[in-house]
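As they're listed, the protein sequences go chains A and B.
Residue numbering for the first sequence follows our numbering, starting at 1 and increasing by one per position.
Residue numbering for the second sequence follows our numbering, starting at 1 and increasing by one per position.
It should be emphasised that the hints constitute simulated quantities derived from the structure, not laboratory data.
Careful: at least some of the hints might be erroneous.
Where chains are identical, the list cannot tell them apart; a pair therefore holds if satisfied intra-copy or between any two copies.
Taking lysine-lysine pairs in the BS3-like style, the calculated list, with each CA pair at most 30 angstroms apart, reads [said to hold, decoys possible]:
id, residue 1, residue 2
1, K12, K74
2, K8, K67
3, K12, K32
4, K12, K67
The structure displayed is predicted, hence computed values, not measured ones.
Number of protein chains: 2
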Amino acid sequence: MINLTCVKIVVKPEFIEPFIQATLENHRESLKEPGNLRFDFLQSKEKPEEFMLYEVYLSDEAASAHKSSAHYIKWRDTVADWMAVSRQGYRYNVVAPAQIGQWRS
Amino acid sequence: MINLTCVKIVVKPEFIEPFIQATLENHRESLKEPGNLRFDFLQSKEKPEEFMLYEVYLSDEAASAHKSSAHYIKWRDTVADWMAVSRQGYRYNVVAPAQIGQWRS
């Protein structure tokens with residue numbers, strides 16, 4: 001079953017630029033994972049210090065593998081002190097699109 | 001520029017099932033719009049009465065055209081009384097993927 005998580009991250013204003021660079025690297029590497037379906041990196045229009053990662057994996061196992069990857073661990077440790085508050089993950093079940101094929105870019 | 005909105009919707013518990021059916025119809029029709037890139041329909045894992053629509057359009061004009069479409073207006077009017085609170089839209093700028101081609105399924 002698809003594993004979909006929205007991660008909300010609020011960054012201290014002075015770290016917006018390095019956060020973007022570090023997260024772009026995590027984005028690029030995450031897209032190479034065989035179980036990754038999407039890793040959209042978004043910035044709030046109203047609050048530029050607020051970001052959202054839209055992370056979609058083929059399975060819970062694929063999502064777990066991501067959290068063990070070198071690029072994820074590097075990102076997590078790099079950005080930890082740049083966050084204004086702890087990041088929050090929101091888990092969703094996919095209602096639609098129902099077919100895996102519709103999720104592959 | 002890509003127009004990306006997350007719409008958070010909380011439904012009265014007794015209307016979860018009809019809400020899913022009405023939104024699946026809106027999902028199917030929205031995917032046919034030429035300016036639509038994505039219309040993901042998600043249900044919170046922790047709170048089944050909470051939904052999220054992840055709507056991505058090629059441009060602000062395409063997003064506006066969606067709001068004038070017959071299927072959107074039908075959906076909006078059908079589900080209006082089923083919501084526990086007013087729905088909320090969150091607008092984002094896309095940091096990555098930066099290329100439109102990466103957004104097309």
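Checked hints:
{"no.": "1", "hint": "K12 / K74", "result": "within (19 angstroms within a copy, 42 angstroms between copies)"}
{"no.": "2", "hint": "K8 / K67", "result": "both (16 angstroms within a copy, 27 angstroms between copies)"}
{"no.": "3", "hint": "K12 / K32", "result": "within (29 angstroms within a copy, 40 angstroms between copies)"}
{"no.": "4", "hint": "K12 / K67", "result": "within (24 angstroms within a copy, 35 angstroms between copies)"}
Checked against the numbered hints listed earlier, the structure breaks none of them; every hint is satisfied.
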